[in-house]
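Asks: Here is how the chains run, residue by residue.
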Amino acid sequence: MIATVWRVAGVGFSLLLVLIAALLYGAAPEQASFLNSQIGDLTIGFAVRTDDLTVLLLAVVGVVATCVQVYSLSYLHERASSYHALVTLFTAAMATVVVSDSLFLLLIGWEVMGACSYLLISHYWERRDARSGAVKAFLMTRLADVGFLFGIFVLGVGAGTFRISELDPARISPGVLTAGTLLLLVGVVGKSAQVPLQTWLPDAMPGPSPVSALIHAATMVAAGVFLIARLYDVFSASSTTMTVLAIIACVTMLFAALCAMAAVEVKRVLAWSTVSQLAIMFSALSLGTREGRHAALFHLVTHAAFKGLLFLCAGVLLHQVGSAAFVVLRRYTRRGVLRNRLRVTFLTMTVGLAALAGVPGFAGFFSKDTVLEAAWDHAHHDGSVIGWVVLASVGLTASLTAFYCARLWLWVFFRSPALAGAIGAFEVDDPMADLEDPDTSKLKDASWLMLGPLVLLAVGALGLGYVDGLHLNWAIALGSTVLVLFGVLPAYSLWSRGADPRPAVLERELGVDRAYHGIFVGPVRWLAKLSVLGDRDVIGAYVRAAGRSGTLASQGLRLLQTGNVQTYLTGAVVGVVALAILAGVIAR
Amino acid sequence: MPLVLPLLLAVVLFCLGVYGVLSRRNAITILMSLELMLNAVNLNLVAFDAWHLDGLATGQTLAVFVITVAAAEIGLGLAIVLLLFRGHGHVDADAARDLVEHEESAT
Amino acid sequence: MNAILLGILALPMLAALALWALPITLGDRLAALYGAVVSGLVLVGSVLLWQRTEGWFAYSELQPVQQLGPNARPLDAVTDVPWIPPLNVRFHIGVDSISVPLIILTALLTFLCCIYSLKITPRIGRMRSLIALLLVIEAGVIGAFSAMDLVLFFVCFEIVLIPMWLIIDIWGDDHDPAGRKRAATTFVLMTVFGSALMLLGFLLVYRQAGTFDLVQLTNSPVLGGHGIPLVAALLVAVGLAVKVPLWPLHIWLPDAHAKAPTVGSVILAGILLKLGTYGLIRILVPVLPDATVTIAPYLGGFSTVAIIAGSLACLGQTDLKRLIAYSSVGHMGFVGLGIASLSDAGMKGALFANIAHGIITGLLFFVAGAIKDRHDTSDLRTIGRALYARLPRIGALLTFACLASLGLPGLAGFWGEMLVLLGAYDPSAALPQATFRVFMVVAGLGTVLTAAYFLRLIRNLCQGDPAENPASAFAVDLSRIELITWSPLVVLTVLLGVWPGLLLHQWGIL
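Chains as they are written, first to last, in the numbering used here: chain X, 1 to 588; chain V, 1001 to 1107; chain S, 2001 to 2510.
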């Protein structure tokens, strides 16, 4: 009963967002503030605004959230009421971020998203990996949010206002501007899982797949890109911040793409690809030009479509097969059933992967080319080093992306030709490979409640590329196609030989996680122990010693009570004489 | 007669009394020493009165008071000594240690 | 107005005396009902004191207010009669916008405790005395929050102690009589030690200024940052810091909270700790402004250490109630830091955090008490895991309270901490800026640690494999009385979270 109410409310709310976006489309930008209170010279309160960016993001959030809510109706049955309530709250928080014109309202949405993601990732709280992944996600983003909060302080106090529309970079001193934007960037890096705070996102995968779709496509991680786009004037006024952003983005996109190449679980590959694609958006933003911002937002929209699609497809695999690990999926694929039984899923996932890889004609191709074009313009015309670096690393990432997309697609859905009966990479690792056949008789495609959103998003992943108007730079388009081919061909050749070399260092994701554990978690635990012991044995000891010294002193004084009256009298006489002498001395 | 002579006498008497109270073990002797101290005070009072001559003879009046009080006090004191003797069978001040703190009464 | 204030002071006190006069055979339910009615009346009275007025009668950026400026306003509900004329002590009470919210909080929490006691009582029983003691505490705390005379403040401050001592000692943890006795004694001795120092400070103030009257002292404060004013400020600050409690004077707190009965913990954490910070704001800052500037960096430093040390200690706790108690050390550290920053934002943040902490920690202790009652222990390992499966509603409420307590924006806990950090970022001009920036960064890391220990708590208590932690037969989920008592706190947490202006506006321009 309650679950039904929340299901209806969830779907209704996300449709409402779409409706609002449709109504606001083309409306003149407006702002309104409310519930303000005065703190010294500063006003702390709430404010909302509408403009093109708001409408765009509201539409994206609304559509993806609708897909996720509808999909979840069939996907998830246990604890459905809390799940749908939290997804709705999550969406509402993202909508708050999108519409807010007050940095504090934005922060509320920003952190409520973090809390919702924590609760949703730990939806399956019986599972250890879900519990630890959730805690990690919340703590890492929370750490980054401290920087974000300080950034708000620095900018707000520097500019004398916490309203986004009133933040004028010209009226803020350059040092304050750089410090403030760098601190905000810390929050963005944490929320969007960029280096060095990237490790939480792949570990957040034990959550339900629709939640992953929501986190990766429309909310949470996209909020970082949105924030920089929203405060683009402020950010682009500080060249230091933009350089730092460019470096972070370039390192992240390559790092994440490399990690994705070695991941052996569909959702983990997709998680790393999100980190990498977000970094592409950040690199476009870091150019500091109008074209860069436009390219980033374009990529954000197409990415929302195809990444949402891919996660929902992974959800179908999880739901129908029971696992999204390559090893398990291969058991079915080797018998040629996966592709045939899950036909819709296969087709939509193909579209999604093609869009992610940037195959010409799909949405991802156009948006990535826009990023490349913006970088090329910036590099070529303005002679900017950042432009060249971004251009090179986005190009390289395009190849790597094509590689891991092709690898995923081929290994999951196709029997390798070299493997007619032979043993390939994922069969070697599989302890159950030689056991009896998996029961494939019950494998069938999911219900249409789940497939409907897939089809809708697949249409988006196909068609969104043409929405922006076709203005291709043919040289760049050709170049990126070649880069994609460079990625696909090695993947194909490896697969056809049945090999999947995964360098150990990449499989461990360069050991970052373990290093963080050693550097931060260990010492904090140690300090906690120290603190408890310190309270008990140092501070507590002083208190106990004070009590005990009182007792001891009283015991010592009791010894004077001998019971002999004459001893007492002697004491009295000595005292009187001493006082008399003292009085004499003082009188002197 | 100079004032200092009776005062010296009083000091000697008082010190004798103090010595007696502090060192004697017999309760009766202690009481007698106590009387000695009171009488030293009386001597002082009378001597100062004779020296001061305020016309009201306050010193002598006070001395009479002290004598009265001392009489009452010696009555009370002897009663206590008597009870001590009845209870303990002796009048040894050192051995009468009913006021001592006992370990088990500690809280 | 002053009749209402006198009424809510006198009513609980007289009601407590009347309750003791009633026969001892009075039923537990009846006693709780009596307490609920009385404290309900007090709550109504305290809400009536609330006015839509702004400002505090005197405090403006450390500038001594020679006359009441446009932003300052006179006290409300003033009663001012001589009390001990030879000592120049007056019975002077009154309220302004910083004391009214605290008085309402006091009345609300006492009321909820009485309602809660209707159904859920400590095992020892003797509710008649427990309710009477609660009412005495309520009267004492309201007296302290409205006292405008240093001696009167001190007296009310002390009135609260003995009932609290008895509550811990008699109704405390019935598994550990020696432990609860020790906890009660430590509590009472350390607090009395603190208030003795505070009284010395008051006497020094009297020696300098010739009056105990807070209004006069606020309008013409004791100036000078060295010598006797400094000594007085130190004595007052240390005395109040015991009550706050500021690290390293906090050692009484975990034991007292852990051993106290549920209502005792709620009152202790929700109200009594506020006396210390209220005293700092009401007495230390306006009466000894220059000396406060001298000691503010140290106050801020110790507060920051309290935030970190309290959070770290929480990470190492294995007892539910102790953990929540230690979290109070961290949260009150934020309040201390806000006061030490002496800025508008910091002061308001401290005041806001005071109220928010009272509400949220009250809720946390209620929930912890419920869990403890159901399992007969508050040891996390004995309680086991997977509370979501066994007690889903209580588990969800605990998660909500934890999220609120760790300062999630949108809930009450956030605004206080945020304003405190803002105050530390931009402290009063008289203070060393760089030092306070460092405090801000460290305190900011403290919020991460706060999140860490609350998540650890949720993970170790609420989540986990239900198969390994089967439900016990008698453990029932949220009962109706619990729902009734806790829902006002939940509502207030959300309300203050989305509408901080409700309080901030009340304080106007400090």
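Check each hint, because a few of them may be wrong.
Not everything, but these chain X residues come out facing chain V in the computed CB check (under 10 Å) [what the hints assert, rightly or not]:
1. Ser33
2. Gly563
3. Thr567
4. Tyr568
5. Val573
In silico DMTMM-like cross-links for lysine to aspartate or glutamate, where the CA-CA straight-line distance does not exceed 25 Å [unchecked claim]:
6. Lys529(X) <-> Asp2379(S)
7. Lys529(X) <-> Asp2319(S)
8. Lys2181(S) <-> Glu2468(S)
Calculated from the structure, these hints are not laboratory results. Cβ atoms here follow ideal geometry from the backbone N, Cα and C, with glycine treated the same way.
Asks: Interface hint check: Thr567(X), Cβ to nearest Cβ on chain V, cutoff 10 Å. Holds or violated?
Replies: holds, 9 Å
Asks: Should the interface hint for Tyr568(X) be scored as holding, given a Cβ-Cβ cut-off of 10 Å against chain V?
Replies: Holds - the Cβ of Tyr568(X) comes within 10 Å of chain V, reaching about 9 Å at its closest.
Asks: The hint names Ser33(X) as touching chain V; please verify it with the least Cβ-Cβ distance against 10 Å.
Replies: Nearest chain V Cβ about 67 Å off; hint violated.
Asks: Measure nothing beyond the straight line between the CA atoms of Lys529(X) and Asp2379(S); if it is 25 Å or shorter, mark the hint as holding.
Replies: Distance of about 17 Å is within 25 Å: holds.
Asks: Against chain V, is Gly563(X) within 10 Å by beta-carbon distance?
Replies: Gly563(X) check passes; min Cβ-Cβ to chain V is 3 Å, inside 10 Å.
Asks: Would you check whether Val573(X) satisfies its interface hint, that is, whether its CB is within less than 10 Å of any CB in chain V?
Replies: holds, 6 Å
Asks: When you check the alpha-carbon spacing of Lys529(X) and Asp2319(S), does it fall within 25 Å?
Replies: Judged against 25 Å, a Cα distance of about 14 Å means the pair holds.
Asks: Does Glu2468(S) sit within 25 Å of Lys2181(S), going by the straight-line distance between their CA atoms?
Replies: Cα-Cα ~36 Å, so violated.
Violated hints for the displayed structure, listed by number in ascending order: 1, 8.
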